[in-house]
Every structure is written in structure tokens, then in C-alpha cells.
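2 protein chains.
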Amino acid sequence: MSSSTGRSDLDQFDLAILDILQRDNTTPQRVIGEAVNLSAPSVQRRIRRLEECGVIEANVSVINPVSVGRTITVLVEVEVITETVELIAAAKQSFATCPQVQQCYYITGNADFFLVMLVSTMAEYEELTKTLFFGNNNVKRFRTTVVMDRVKTGMAVSRPDA
Amino acid sequence: MSSSTGRSDLDQFDLAILDILQRDNTTPQRVIGEAVNLSAPSVQRRIRRLEECGVIEANVSVINPVSVGRTITVLVEVEVITETVELIAAAKQSFATCPQVQQCYYITGNADFFLVMLVSTMAEYEELTKTLFFGNNNVKRFRTTVVMDRVKTGMAVSRPDA
DNA sequence: AGTGACGTTGCAATATATTTGCACGCATCA
DNA sequence: TGATGCGTGCAAATATATTGCAACGTCACT
Numbered sequence: 004m005s006s007s008t009g010r011s012d013l014d015q016f017d018l019a020i021l022d023i024l025q026r027d028n029t030t031p032q033r034v035i036g037e038a039v040n041l042s043a044p045s046v047q048r049r050i051r052r053l054e055e056c057g058v059i060e061a062n063v064s065v066i067n068p069v070s071v072g073r074t075i076t077v078l079v080e081v082e083v084i085t086e087t088v089e090l091i092a093a094a095k096q097s098f099a100t101c102p103q104v105q106q107c108y109y110i111t112g113n114a115d116f117f118l119v120m121l122v123s124t125m126a127e128y129e130e131l132t133k134t135l136f137f138g139n140n141n142v143k144r145f146r147t148t149v150v151m152d153r154v155k156t157g158m159a160v161s162r163p164d165a
Numbered sequence: 004m005s006s007s008t009g010r011s012d013l014d015q016f017d018l019a020i021l022d023i024l025q026r027d028n029t030t031p032q033r034v035i036g037e038a039v040n041l042s043a044p045s046v047q048r049r050i051r052r053l054e055e056c057g058v059i060e061a062n063v064s065v066i067n068p069v070s071v072g073r074t075i076t077v078l079v080e081v082e083v084i085t086e087t088v089e090l091i092a093a094a095k096q097s098f099a100t101c102p103q104v105q106q107c108y109y110i111t112g113n114a115d116f117f118l119v120m121l122v123s124t125m126a127e128y129e130e131l132t133k134t135l136f137f138g139n140n141n142v143k144r145f146r147t148t149v150v151m152d153r154v155k156t157g158m159a160v161s162r163p164d165a
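Same order as they appear, the protein sequences are chains V and W. Going by this note's numbering, the residue at position 99 of the first sequence is 102; the numbering climbs one at a time, nothing skipped. Going by this note's numbering, the residue at position 134 of the second sequence is 137; the numbering climbs one at a time, nothing skipped.
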């Protein structure tokens, strides 16, 4: 019952802790405790709870794509032909498992999918389109946009109130 | 000279470490060491180097937006009227500082910006459009798309080879 | 009001992880 | 050949995370 996060009664302490962890999750619990006025063990137990109930989904390092050669970010809007449950599931699967697809959203509106992709060269991207889009009978159309500036990136979620 | 990551000669050890850290950066150095065949101190020194040269940009917790009430993901394509350096910089600034804007890309093509936004209600979104788009004389047009399924999210970058 | 169950807290002790000092190995290059 | 630089592992030192425990508050029910 506590796998996907339904309701979570997060108090101000939890929210404050989450704010810090979203910025830097290597912050020592002692320091977090000082910041939120709680003891380190208390912080630790709250973090554990947040992890167990799925509020904290992951703890990750964010790396610079350029440093591993992924210099180009492209955005792709994909429109499919038929929207059956099976075909949509198959499309989700194929996009999600492609290493160059960093993010994939199933959307309303004209298009059906929106992808954020990281590639090393445009040649690599073109190659990918052959398998990902042209190779998929159910893809009607796709529109590619190249990113000039990654103005703001990340997974941070700001709290509704503050 | 080592602020923004230009060249980085990452060897197989570094890449293997980054793969692990991108999945779970709470993995003990000892465990990482066992996985990549290196001692814990060596792993630690490599991680420090990767952080110093900007390969590792951040260490963060990823939280479930729903758990803090941000239940709706919307994608927005924004087209501006005039593309002067100053006006573009101003737009970047206003998008980047908006808490509900999780990601912002400056793009080629018909539109000029692409935003990933997290909001609690559509009413909240509508309110935001008043300040962010309608309130900006330089915004010609914006197109809103609502996300039905966050199929794949995250900031992970897969290595070009493997 | 009294009482018991429950949940959370802080402190102190313990376990675990990170960081540093040091000597060694292995390249490159004069 | 010998000096230098860089990275390594081991072991010790340091810092951090985790757990046991007693105490406190809240709530429901007597």
C-alpha cells in the first residue's frame, strides 16, 4: 500500500529536509539538523521514512553530459498512428529503454510523446531515428528540435507554498 | 580553467564509477570499489576529482512531485517576438527563476523556449501564464501540453560506448 | 481528570563510512 | 640511469550514520 506515493502528510520539517536534499544530498545529517532545528538521528529517521514511502525516489549524481561526449540535446515530438493500449505500451517501452532518451513523456494534444534526448553527434541521432521512429510502423510523424542552451535543468521540485 | 567542463580524459574506471553514482550516489565507496576493482580510497579520490573538474555537477535526491502536491506536469513551447540578446537573457532569467519551471531549454526551430513545468492545479498554471507569458510583452505565443504519463524521467546520461 | 498506546524526540553508544599519511609501483622524460 | 609525477593500496585517523533507550507529547477512551 505504500509503494507509489499516494498521500503523505509531510510536515514543515520534512519539507525543509527535502529542500536541502534536493540541493545536496551529501549534506551531513548533523548540518541538516542544525538547519531545521532537529537532532541528527531525527533527521536520519525522517529521511528513511521519506525513502520508504516513496517521497524520495532516488539519490543520484548529476553529471555534465558534455564530459562523457553527449554534447547535443535534442527535443523530439512524436505522433503515432494508432493509439491502442498495446501499441502505446510498446512505444513507451522502446523510448524508455533507449539510452540516449533521457526523458520521455506521454502527452495530450497533437503529438503523443515528447522526448529529451542526448546524443554525441547529429549522425548518431539520425541513426537512432531509423530504429526509433522510421523503424516503428506506428510512428506517423516526428519533429526534431535542437537545444542551443540548457537554461535550467534538473529534477528539483519546489514546494507549493514557499 | 577547470570551471566548465571542457575536455576530461575519463578512463574506464571513471565511467564505471559515474554509472553507479548516477544510479545511486549513496553507494558506499567500498562497494563501488568492489564493483570496479579499485580500493575505496582510490574511488574516493576519483570522485573528488570528478567533482572538482565539473563532471559531477550535483548530488541530489530526486523526489516524487506528487508527494509535495505538484501533481500536474505541463510542457510549454514559447515563442518570443524579438530575439535580441537582452530580451532573450531576460526571458531565460524569468523562466529559470520560476519555481514551477523545472527545466528550461532555449531552442532552435519555430519556437524559442521549451519548458517543463510542475504545478499543483491548472488554476495555478493559468495564474502563472499571466505573469510568465501574458505579462511579458515579448512573448508572442505559447503552446501548452499536459503530460499524462511521465514515462521516463531523470538526469542520467548513458555513456556513448556501452 | 486519569491512563494507556502510539509516535517522535534527544542523548549516548556503537557501527560504518570517509578521509588522510605514507610507501610503493609504474610510467615519462631528461 | 635516475628523477619526477601520478595513481595506487594499506592502515590509521576522523567524521558520519545508525541504534538502544528513556522521556515527552498527543490522542482516544475510560
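Everything labelled a hint here was simulated from the structure, so no lab data went into it. Be careful, since some hints might not be right.
In this list, chains with the same sequence are indistinguishable; a pair is considered to hold if it fits within one copy or across any two.
[Stated by the list, open to error] Computed cross-link-like contacts, BS3-like style, restricted to lysine-lysine with a CA-CA straight-line distance of at most 27 angstroms: (1) K155 with K95; (2) K155 with K133; (3) K155 with K143; (4) K143 with K133; (5) K143 with K95; (6) K95 with K133.
In this text the structure is predicted, and so the values were computed from the model without any measurement.
Each hint, compared with the structure:
When the C-alpha separation of K155 and K95 is checked against a cutoff of 27 angstroms, the pair qualifies both within a copy, at 25 angstroms, and between copies, at 9 angstroms. Taking the shortest alpha-carbon separations for K155 and K133, only the inter-copy value of 21 angstroms comes in at or below 27 angstroms, while the best intra-copy value is 30 angstroms. With identical chains, the CA atoms of K155 and K143 are at most 27 angstroms apart between copies only, with a shortest distance of 21 angstroms across copies and 31 angstroms within one. In this assembly of identical chains, K143 and K133 lie within 27 angstroms of each other by CA distance solely inside one copy; the values are 13 angstroms within and 35 angstroms between copies.
Taking CA atoms no more than 27 angstroms apart as the test, K143 paired with K95 passes inside one copy only; the shortest distance there is 15 angstroms, against 33 angstroms between copies. Taking identical chains as interchangeable, the C-alpha atoms of K95 and K133 lie at most 27 angstroms apart only when both belong to the same chain, with a minimum of 17 angstroms there against 34 angstroms between chains.
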